[in-house]
Every structure is written in structure tokens, then in C-alpha cells.
Amino acid sequence: MIQRYKLLLFAYIFCFLVLISRFFYWQVLKSPKLKTQALSQIYKLEKDTPTRGNIHSSDNFPLVINDYNYKISIYKPNLTQDLDTILSKIDQIHPGFINENQSVLDNFKNKSQQKWVDLKTLLPLSEKEKLQNIDGVYLKLEESRFYPEKSLASTVLGFVAHNSQGNSIGYGGLEAYYNKQLSGKTGFVWSPQDATGKTILTKKSWNSNSTNGLDIYSSINRSVQYQTEKILKEGITKYQADSGMITIMDSKTGNILAMASLEATTSATSDPSKNPNISNLFEPGSIFKPLVMAMALDKKIIDQKYICDQCGQPRKIGSYTINNWDNTTHPNSNVYDIIKNSDNIGMSHIITKLGLNNFLEFYQKLGLNKKTGIDLQGEVKPSIKTNWPEIDLATASFGQGIVVTQINILRAFNSLTNGFLVTPKIVGFFKDDLGSIIYPKVNPNLTVFSFTTIDQMKLILRNAVENSVVSTLKPKYMDVCGKSGTAQVAIKGNYTDSSTIGSYIGFSPCDQPKFTMIVTINNPKSSSWGSSTAAPIWFELAAKINFLL
Amino acid sequence: MSKTLIGLTVMSIVVQILFSFYYSSNIVNQNNQLDENKQKYQQLKIEISEAKKQLSQLTSIDHFLQSTPSSTLNPVYKHIEILTY
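Protein chains in written order, with the working numbering: chain U, 10 to 558; chain R, 29 to 113.
Calculated from the structure, these hints are not laboratory results. Backbone N, C-alpha and C define an ideal beta-carbon position, used for all residues, glycine too. Check the hints yourself; a few may be wrong.
[As the list claims (entries may be wrong)] Listed next, with one range per pair, are the computed distances between beta-carbon atoms:
no.	chain 1	residue 1	chain 2	residue 2	range
1	R	Val56	U	Trp215	18 to 24 Å
2	R	Gln44	U	Ser153	16 to 22 Å
3	R	Gln67	U	Asp93	44 to 50 Å
4	R	Gln67	U	Val451	31 to 37 Å
5	R	Glu78	U	Ala273	35 to 41 Å
6	U	Ala47	R	Gln67	46 to 52 Å
7	R	Phe49	U	Ile29	34 to 40 Å
8	U	Tyr21	R	Gln44	19 to 25 Å
9	U	Gln249	R	Leu86	16 to 22 Å
10	U	Thr94	R	Phe49	35 to 41 Å
Turn these sequences into a full structure, and let the hints guide you.
Below, the structure written as C-alpha cells:
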């Protein structure tokens with residue numbers, strides 16, 4: 010009897026020890042892991058996504074705003090009605106729905122193993138309300154960008170898309186450059202939730218508030234931008250060009266009023282985030298001549314009374330001959346004639362007098378060897394050669410053998426309006442949810458040319474407009490200082506007449522100008538000259554925007 | 029004495045149960061209210077954005093040009109010069 014009692018006691022003690030050890034295992038050893046698991050079931054981490062900032066034009070009109078739409082998904086097992094009946098019902102609410110998703114829906118119907126489908130159609134709020142409570146049809150809120158002016162200023166604005174992690178980020182233009190400011194700060198809420206997913210208020214929760222993105226107020230003038238795109242499009246068609254670019258800047262502040270680029274035919278490989286006005290490098294051609302002339306006047310290498318006594322014949326440098334665009338010569342030309350006639354020979358003599366060191370000093374001062382710092386994504390830095398034989402310096406005087414972006418040459422040319430090198434910019438200010446205004450950092454303007462040089466150059470450039478072929482294009486009520494240019498495109502190291510870039514650059518009015526504008530037309534077929542392609546576009550646009558500024 | 033004690037104990041238990049019912053229903057109501065407000069906020073946010081979208085569409089140059097019969101006409105820039113002596 011005692012034996013059996015002892016056995017029973019021993020069995021009890023053994024069971025008790027086993028139980029205690031299991032309790033110890035779960036409650037002590039496994040405690041942290043189980044606690045985390047329990048918390049993760051009760052507590053949920055939710056993302057508080059901020060609203061992306063809007064982008065406005067200079068008249069406070071929203072060029073980009075947020076749009077909320079609903080994405081449709083269908084789950085076959087939960088359908089209580091026939092699929093075709095449901096689809097035709099959706100098609101009645103949103104006409105064209107079936108056509109838009111034809112191939113996806115055909116696959117979904119035919120493949121019995123496919124249970125779930127996401128459709129690309131986005132429904133607005135008004136349509137979503139008519140579609141509620143259909144078993145098996147699910148609607149998910151999607152945030153996207155909406156452009157009230159459609160494609161207006163698209164290269165300046167950029168676009169928003171999902172990256173590989175599924176986050177929305179900006180690509181190209183302002184959307185990319187100011188992605189951080191526009192995105193805001195994502196917030197997080199870590200709170201206990203009941204079985205239905207609702208927050209339990211009595212329990213402790215942690216949260217970091219989200220901050221909505223800042224609204225951008227840009228310098229883009231909506232009416233000027235519209236006219237720019239319209240006239241550029243018409244010009245490309247009229248002159249049978251491959252593409253074209255126009256940039257208009259406020260001469261005093263450097264604010265960009267309009268920026269447009271257009272291709273005659275859009276290729277499938279073209280990068281939508283690329284802005285040619287700040288990323289395409291080209292040889293400026295004769296529009297560079299006024300800058301070289303200003304350098305020589307500023308350094309007092311020549312003065313207004315300078316007469317080119319070697320301009321009566323083509324200039325020979327080694328095995329090369331420098332000639333004028335029309336193979337004529339202009340003996341004893343003065344500074345006005347040299348610019349008016351776009352005299353390559355005269356300019357080559359002036360740059361030789363100026364010398365390489367002075368030329369490179371001004372080249373750097375004009376910022377032609379670096380980025381302008383414009384607040385747009387994708388600006389390209391122009392390169393400059395290190396080896397300068399005599400012929401290269403001579404050809405540089407008429408813009409050959411050097412490369413710049415359109416924004417680069419526009420900024421440099423704008424220095425002829427007041428002597429200062431401004432930083433081109435698009436953003437005037439930011440505004441937060443509370444209405445507080447935040448101004449971006451402003452770079453100081455750098456002095457390049459003296460006021461005497463500027464006054465002299467304005468007379469030269471006004472003469473180039475009033476007494477040249479472009480004078481007929483200028484409305485009588487306008488005062489314009491400008492210069493045309495035609496650059497041959499180098500193909501495999503050789504310049505050909507078969508492909509040219511025609512440009513016109515100028516500002517108006519000459520005294521206290523309101524705007525500086527450049528028009529670049531790539532490979533026009535109707536005429537290869539900038540004076541007969543880019544110049545007519547420049548003056549037509551100038552006449553229209555003159556009333557808007 | 030013992031009857032009084034038992035009575036008090038039972039009463040306190042009943043009060044506790046009633047209070048817990050009241051308290052939990054109050055929390056549930058507040059939770060529901062919070063959830064409703066969240067949904068309402070989201071709905072208002074979408075409605076505001078929809079209104080902004082429609083306003084911007086109606087005041088855009090694009091809409092103006094499509095809805096104006098004279099949109100294809102160009103303004104007259106011709107002028108006369110009056111000579112003064």
C-alpha cells in the first residue's frame with residue numbers, strides 16, 4: 010500500500026515539475042516573443058500619408074492638384090450576380106469601361122483559375138457612389154495628380170509615379186527638384202484596435218503627426234506659357250523643323266515666365282522626364298557674337314569707334330579660311346555693322362585682340378562652363394575644351410566649337426540688359442497648410458559688364474534689329490534688342506549645311522526690359538537661317554506677350 | 029451581520045457589473061464616433077478636392093478656348109500713327 014502511495018506521490022511531483030518547467034518555458038523564456046506577437050495582433054501601425062502639395066502659376070491658378078479616384082477590383086468567389094450583368098452595369102455608370110479593359114476582362118472570364126482582377130479604370134467620386142454594395146466588386150481610393158491645363162508646361166512641372174517600393178515620387182521638372190517639399194512628412198499611428206479594426210481609445214497609443222507637402226507658387230505665367238506653346242507648335246509645322254525650344258525670362262529677376270519644347274514627332278524612346286531647354290547641348294552660333302563684342306568693349310580692347318580694316322577679305326588661319334555666312338565681305342565695318350551683318354571675319358579679329366585669357370575669364374563670369382542653378386531637375390553642365398589653338402578661338406567668336414544649354418545662353422545674354430548675371434528660377438515661394446509663406450534661398454546677382462558696356466551694347470543690338478532683315482518682323486510700337494544665329498550641326502566631326510539650328514535671342518524694351526527670350530529651331534527644312542525661322546517666331550510671340558507683361 | 033455583509037458584497041458586485049457595461053458601451057460608442065468622424069473627414073477631403081478640380085477645369089484656358097466661339101479669332105494689332113507737328 011505504501012509502495013503504491015509513494016509511486017503516486019512521485020508521479021504527482023513529476024507532473025508538477027513538468028508543468029512548472031513548461032510554465033517557465035512559456036512565461037519566462039518565450040515571454041518577449043509572445044508579448045511582441047500579442048501586441049502585433051492588438052496594436053497596428055498605420056501610415057498617415059500626407060497630402061502632396063499643389064503647384065500654381067504666377068496668377069495663383071493651380072497647374073497641378075491632387076485628384077482622388079477609385080480603382081475597381083473584382084473577386085469572382087464573392088460575386089452574387091452574373092459577371093456580365095455587373096460589367097454592363099459599370100459600363101452604364103462609366104461609359105467606355107468595358108472597352109478600356111477589354112483584354113483584361115476577356116482573360117478574367119476565360120481563365121477559371123483567376124479569381125481576382127484589378128482594372129485600370131479610375132472612377133470619380135460621383136460614379137463611385139452609384140456603384141456601392143455590389144458583392145464581389147471592391148473600390149480602392151487612389152491619389153493621383155490632375156492637370157487642369159492639360160499638357161501646359163509639362164516639362165517644367167514633371168510628373169509623379171510610383172517607384173520600385175510603391176511610393177509616389179516626382180520625376181522631372183519641379184515635381185522631382187522639390188519632391189521633398191511637395192511630399193511633406195509621413196506620419197505614423199501605433200494604436201490598439203478591436204476585432205473590427207476600430208481604435209480602442211482607452212489604451213495607450215503612440216503617434217507622430219504627418220505634415221502635408223508645401224504648395225509651390227511658380228513664376229510661370231499661364232497666358233504667356235500658353236501663347237509660347239501655341240506659337241512654337243505652329244512654327245515647327247510652318248518651318249518643317251524637327252523640334253524647337255523657347256524660354257522667356259524676366260530680365261530683372263531671372264524668373265522664368267515660360268519654358269516650352271516640342272518635337273515634330275514624338276518617338277516612343279523619348280524620356281518624358283527630360284527637359285531639353287536645360288539638358289540639350291548645342292553650339293549657339295551667331296547669337297554668341299554680342300557677348301564676345303561686350304567682352305572686348307568691357308576690357309576696352311576696342312571702343313565704339315573701332316573700324317575693322319581687315320574685314321575686306323576672308324581671314325586665313327593655317328589651313329583654315331574664315332568666311333562670312335553669305336560669302337561676302339564688309340570692308341571697314343564698325344562695331345554696329347559687324348553685329349548687324351553677323352560678320353564672322355570681323356568677330357574673329359575682335360576675339361584675337363581680346364585674347365584667350367580674357368575670353369576665358371568672361372566665359373567663366375558668364376557661367377557658361379557650369380550649371381545655371383535653375384530649380385528644375387535634370388540640368389546638364391556644359392563642358393569647355395582645354396586646348397585652344399588659334400582657329401578654335403577665332404571660331405568661338407561666332408559661337409562655333411563651344412556648347413551650351415538654352416538656359417545657359419539665355420542667362421548669359423540677359424546680362425546685357427543690366428550687367429548682372431542672375432540665377433534663373435521658377436519658384437517664387439512656398440505656402441504651408443497654415444498659410445505661412447516660405448521663400449527659397451536667393452543667390453546674389455554677379456556683376457559681369459559695366460553700365461557703359463551695357464549702354465553701348467544696347468545701341469549695337471537695337472541697330473541690329475532696326476537695320477537688318479528682321480526689321481520687317483518687328484511691330485512698330487516695340488523696342489527690341491536682339492540677334493539671330495544659325496549654327497551648323499557637326500556630324501562626325503564635320504560641319505554640314507544639311508542640318509542647322511536656327512536661333513533668335515533678344516530682350517524688350519531695350520531700356521528697362523520686361524523680358525529676355527530665346528527661340529531655337531532644330532533642323533528647319535523650309536529655310537536653314539535663324540533670321541527666317543526662329544526670328545519670325547520670336548517677334549510674333551513678343552508682340553503677343555508684350556500686352557501680357 | 030453576515031446577511032448584511034453578503035448583501036453588501038452582492039450589491040457591490042452588481043454595481044461593478046453595471047458600471048462595466050456602461051463604461052464599455054461608452055467606449056464602443058466613442059470608438060464608433062471616432063471611426064465615423066474619420067470617414068467623414070476623408071469624404072470631405074475628397075469632396076473638396078473634387079470641387080477644386082471642377083473649379084480649376086472651368087476656369088482653365090483650355091476650357092475657355094473650347095467653349096468660346098470666338099476662340100479661333102485673333103486680336104487686331106493694326107494701328108495708325110498720328111503725326112503731331
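Verification of the hints:
no., hint, result
1, R/Val56 to U/Trp215: 18 to 24 Å, "23 Å, holds"
2, R/Gln44 to U/Ser153: 16 to 22 Å, "54 Å, violated"
3, R/Gln67 to U/Asp93: 44 to 50 Å, "32 Å, violated"
4, R/Gln67 to U/Val451: 31 to 37 Å, "44 Å, violated"
5, R/Glu78 to U/Ala273: 35 to 41 Å, "38 Å, holds"
6, U/Ala47 to R/Gln67: 46 to 52 Å, "29 Å, violated"
7, R/Phe49 to U/Ile29: 34 to 40 Å, "38 Å, holds"
8, U/Tyr21 to R/Gln44: 19 to 25 Å, "38 Å, violated"
9, U/Gln249 to R/Leu86: 16 to 22 Å, "37 Å, violated"
10, U/Thr94 to R/Phe49: 35 to 41 Å, "47 Å, violated"
Going through the hint list in order, the structure does not satisfy hints 2, 3, 4, 6, 8, 9, 10.
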